[in-house]
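Visitor: Chains as they are written, first to last, in the numbering used here: chain A, 1 to 556; chain B, 1001 to 1168.
Hints were generated in silico from the structure; no laboratory data involved.
Just so you know, nobody snuck in bad clues.
Quick partial rundown of chain A residues pointing at chain B, CB under 10 Å, derived from the structure:
id: 1; residue: 119
id: 2; residue: 120
id: 3; residue: 127
The structure presented is a predicted model; accordingly, all values stated were derived computationally and were not measured.
We treat Cβ as the ideally placed atom computed from N, Cα and C, and that holds for glycine.
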Amino acid sequence: MLLSGADILVKVLIEQGCDTVFGYPGGQILNVYDSLYTHQTQINHILTAHEQGAAHAADGYARTTGKVGVVISTSGPGATNLVTGIATAYLDSIPMVAICGNVPTTQIGSDSFQEIDITGVTLPITKHNYFVGSVEDLADTVREAFMLAKSGRPGPVLIDIPKDVQIAKCEYEPQPPVQAEAPRAAKDIRIEEAAKHINAAKRPYIYFGGGLITANAQDEMLALAEKIDAPIGCSLMGLSGVPTDHPRFLGMQGMHGHYASSMAMHNADLIISLGVRFNDRVTGNRAKFATGAKIVHIDVDGSELSKTVNAVCGLRGDVKLTLQKLLPMLKEDQKPDWIQKVDNFRKEENDYLDNRDGLTPRSAILTLNKHLGENTAVATDVGQHQMWSAQNLSFKAPRRFVSSGGLGTMGFGLGAAIGAAFGTKERSVLVTGDGSFGMCLNELATAVSYNVPVVILILNNGVLGMVRQWQTLFFDKHYSNTVLNRKTDFVSLARSFGADGEAVSTKEELDAALAKAFNADGPYIIDCKIDKDEFVLPMLPPGGSMDDIIVKVGTV
Amino acid sequence: MNRYTVAVLVRNQFGVLNRVTSMFRRRQFNISALTVSETESSEFSRITVVFDGEEAYKQQLVNQLYKLPDVCSIKEFTADNSISCELLLIKMKNDPATREEIRTAAEAFGAVTVDYSKDSVMLRLASDSRKIDDFINLMRDYKLLEICRTGSVSLEKGSTTIRQTINL
Chain A
1 MLLSGADILV KVLIEQGCDT VFGYPGGQIL NVYDSLYTHQ TQINHILTAH EQGAAHAADG
61 YARTTGKVGV VISTSGPGAT NLVTGIATAY LDSIPMVAIC GNVPTTQIGS DSFQEIDITG
121 VTLPITKHNY FVGSVEDLAD TVREAFMLAK SGRPGPVLID IPKDVQIAKC EYEPQPPVQA
181 EAPRAAKDIR IEEAAKHINA AKRPYIYFGG GLITANAQDE MLALAEKIDA PIGCSLMGLS
241 GVPTDHPRFL GMQGMHGHYA SSMAMHNADL IISLGVRFND RVTGNRAKFA TGAKIVHIDV
301 DGSELSKTVN AVCGLRGDVK LTLQKLLPML KEDQKPDWIQ KVDNFRKEEN DYLDNRDGLT
361 PRSAILTLNK HLGENTAVAT DVGQHQMWSA QNLSFKAPRR FVSSGGLGTM GFGLGAAIGA
421 AFGTKERSVL VTGDGSFGMC LNELATAVSY NVPVVILILN NGVLGMVRQW QTLFFDKHYS
481 NTVLNRKTDF VSLARSFGAD GEAVSTKEEL DAALAKAFNA DGPYIIDCKI DKDEFVLPML
541 PPGGSMDDII VKVGTV
Chain B
1001 MNRYTVAVLV RNQFGVLNRV TSMFRRRQFN ISALTVSETE SSEFSRITVV FDGEEAYKQQ
1061 LVNQLYKLPD VCSIKEFTAD NSISCELLLI KMKNDPATRE EIRTAAEAFG AVTVDYSKDS
1121 VMLRLASDSR KIDDFINLMR DYKLLEICRT GSVSLEKGST TIRQTINL
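Using the sequences plus the hints, can you model the full thing?
Guide: Quick look at the structure:
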């Protein structure tokens, strides 16, 4: 049938199984919005307060569902407002398709009103991007974009569509949704090699990241751990990949990781790495990182193998399929000495835990845990609250921890939590700080407009806590521009947006407030006061090794 | 620091050169020489890049280039496995005192005169980069007006082609 470019775009989105999109209209995307209007029974458009919020919402939707998140904006400032959201998705390998309008092709390159070279701007932060020059190319370009976004290592893809291409008409033939490229296991010879290293290991440690969740390889990894009797740790992006209370799970490792998890990794003789990329927050000083360990690394992206740390065996392939082939080659083994050693690390960790009475960052998160459902997604912003959440939140199901790991985007959380609520069709939670929340709190309007049930827990210390922590430790307590002491009353703010909330200053008040929040009809803000000099511990100083770990404030 | 010559076969689309060179920029590689041209098939363009760098970083760069959807194939060339060639145009002042010496040098290097006027002479030399360097250095002893050289073009010796390795 003969359709306009705008209609073709919306039809292909529907074709791809896309039922929810996030965005913000404007001059050069009006035709697409007109088409969204006529297709509103098939595709639900969520209007945010700002394009950045829309991008983070599409991201949160993608993280919690595994589907491709879709965000739509107009040209120029609409498109540049997406940039932080696209970069966040890129660094965390989240499948996303961003669609921007642009000025008509006849005006491209003439610095027209609201014209920006958005394919140029987003070149280094997308898997790929497209400028669609003619309506005949549109349908297949959108299909290819979806295919790329979800194939292999997922990531964001941007499509720039000039206004005249939205208006022009051509024949549209419906097609079935595109499939991601079929996943492939690593080469057999590599798998055999990996099996040899694993069978020879006396102190193996399994280390997984977001790639394991993407590959849906939890069962295979747990089978591996059982078979070779290994403890498991993860990166920030791996959190929720296995149930937090799994007896083999030591938690996140790295700069602010669990002591036992970091120590086990440091003392291992083999690190079996699944869908990770050995970021500097993970390794600290690379020269001193796990010096006694060999690394077997499985990743769908070959460029990650031996990128920052050398792998003795690098396997490029789908984590799930590769593990399935690897498992039968491994001999079953018990390693009581190693497990005993790991248990000792756990005991040491227990001694270091912050068990103070009253309302502390840790007790706040532990109180939140009591209210979480099996399926509740928890989003965070970036900073101390993010690390306290990562350390102490309890998850039962994968894809329920939504946090900006790679880019570390303050302001990510509220948009992401809204997207997560749409993705899971359930109440979601945002744990944030007063600094991060201040960045993008405008999306409270979105949550109210759509009556999105989001529990917003602000750990409010009146400072930019993480930066302050570094200033305390490494900058002679020069608190340069990190003391906020703003006069914002978050409860009044919630009310002015049409939401509700309350301030709490004790654990009991927090518990009661959470009970209320989890029954609220719509967003609910809890302004939870904490001390400005709380620390995230343990901490590996930047560029440090396990010898430099700070475990208790007294040791600072 | 090593010198590398890498040929990248890409889909022949606008912006593709930018995507490839952007990867060099992001990894802070300085490109010494670059050529781009259509190939035996109009579907593909071929980008030949010469650059200096450390082995590990070079490998990372190649791995990242492979991830670009527009990149179809990559070949690394060494002096042993390939033939490389570069083109030089050089304009010299046509001074009667040095005319004969320049002509002799040009002959020795196999450079051809392509333009001649009372005041200037232009020579063309197609050769490997090193020989071109030598020739330019020699010409610096005379009155050199202007030079322009292309980057290197390289092909693997024998019957294998870059298109045979399109299978990513």
